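Enquirer: Listed below, chain by chain, are the residues.
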Amino acid sequence: MTGTRTMDAEVREMVHQRHRRRRTVIVSLVAVLVVAAAALVGAGLVRANNTAPGKAPSRVPAGLAADKSGVAASTGAVRVDVYLDYLCPECRRTERALTAALDGLRSHGGVGVVYHPVAFLDDRSAPAGYSTRAASAAVCAADAGRFEQYSTVLFSKQPAEQGPGLSETQLIAAGRDAGITGASFARCVEDAPYLPWVRYVSDIAASRKVALTPTVMVEGRRVDVTGSDPGGALTRAVTEARR
Amino acid sequence: MDASTTEVTTAAAVRAASGHWAGAVRLAARLLLTVVLAYAGLVKIGDLTEAGRTVALYRIVPDDSAQLVGGVLPFVEVALALLLVAGLATRAAAVGAAVLLVAYAAAIASVWARGMSIDCGCFGGGGTLSGGAARGYALDIARDLVLLGAAALLIRNPRTRYALDSWVLDPKERGA
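Protein chains in written order, with my numbering: chain S, 1 to 243; chain C, 244 to 419.
To be clear, the hints were calculated from the coordinates, so they are not data collected in a lab.
Derived SDA-like pairs (lysine to any residue); straight-line CA-CA distance at most 25 Å: (1) S:K209 to C:T292; (2) S:K55 to S:A65; (3) S:K209 to S:R221; (4) S:K157 to S:T181; (5) S:K209 to S:D123; (6) S:K55 to S:G112; (7) S:K209 to C:A346; (8) S:K209 to S:V41; (9) S:K209 to C:G289; (10) S:K209 to C:L372; (11) S:K209 to C:V354; (12) S:K157 to C:T371; (13) S:K209 to C:C365; (14) S:K68 to C:D306; (15) S:K209 to C:I288; (16) S:K55 to S:D122; (17) S:K68 to S:E148; (18) S:K209 to S:D229; (19) S:K55 to C:T292; (20) S:K209 to C:A350; (21) S:K68 to S:S58; (22) S:K209 to C:D307; (23) S:K209 to C:P305; (24) S:K209 to C:L285; (25) S:K68 to S:R199; (26) S:K209 to C:T371; (27) S:K157 to S:R92; (28) S:K209 to C:I361; (29) S:K157 to C:I361; (30) S:K55 to C:D307; (31) S:K55 to S:D191; (32) S:K209 to C:S308; (33) S:K157 to C:L372; (34) S:K209 to C:G370; (35) S:K55 to S:G44; (36) S:K209 to C:G367.
Keep in mind it's a predicted model, so treat the numbers as computed, not measured.
Produce the complete structure using the sequences and hints provided.
Expert: Written out as structure tokens, the structure reads:
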């Protein structure tokens, strides 16, 4: 009598354990699904965030590349894209080497350089927005045909992160250092007519999966410029593309 | 009541008390993981572009998938936090959290080993640093290890109070 009761209890316990295991498996699967669904939401949002913007804004600076996504500094068969942010320390570090390498490459001709002045680091200045202001001023310099020279000046005067950045007056003064004369540049820096275009450039860059500055591409392929010899890396990539 | 009975009762009481204690520690571990994961995830969801940029700064995943990884991770963190706060599939959620924490600690260690100076961006922010990166890395990894310990406790024994698991896995039918 006692024996059967023990047996009964054992069977019940076994059945219970089996049910418990099955439920554990189901619950764990539900958990995996919850996490996977969350991951999909994230992926969807990234995709939605990074869709290419539709049309370029109506007011764009002079000297743009055909796709209006950047300032064309030269034309040629091998396309070099440079994405930069005027507040980015790494952009400053690589600027001189890259400019020298590009000058060398362009002297042989056949290199189309397009600069994309993006505003990725707007929240790294206080008040926020120095990246946008600097990019907008640089694009005014493009109107005067001196984008590269002005870029170099801005990087040499690069302010510290978390600071206010260069003031409007300083941005205008930097124009003189870059050899820009004439009142229209100052007016352009003050009125900032190209703000929508700077945003457009940033959005295009994001849709091309550019997350960081500096990003340098040769014929659409990324060149690693984080090493100690960014200029050499760029030169090699362009030479490769020429073959 | 003779001496041996008293002894047995005391031993049971001690066992019960220590079990109670361990249960409280596991509950604390569950809540700690919940709070940290939820906070870390929500802050990053507030600025997904920044999160993607932070991932790119580690230079571990290819540049063009950094934004995707940066967008997915915070949602996974929040999903794990939701499971943990509900106490649903606690063991599986703790395993997920442990995997994330190991990956994060390894990523920080790799950045440290490569001599790069970045902010881990663990709770949003991120970016390059001019100095004091090593101290930050050590603290970040230490924090990850503490959290990993909490996850390990839950993986070993996922039973805690106020958890949906006890509802779902041990329904009343047992008593009947």
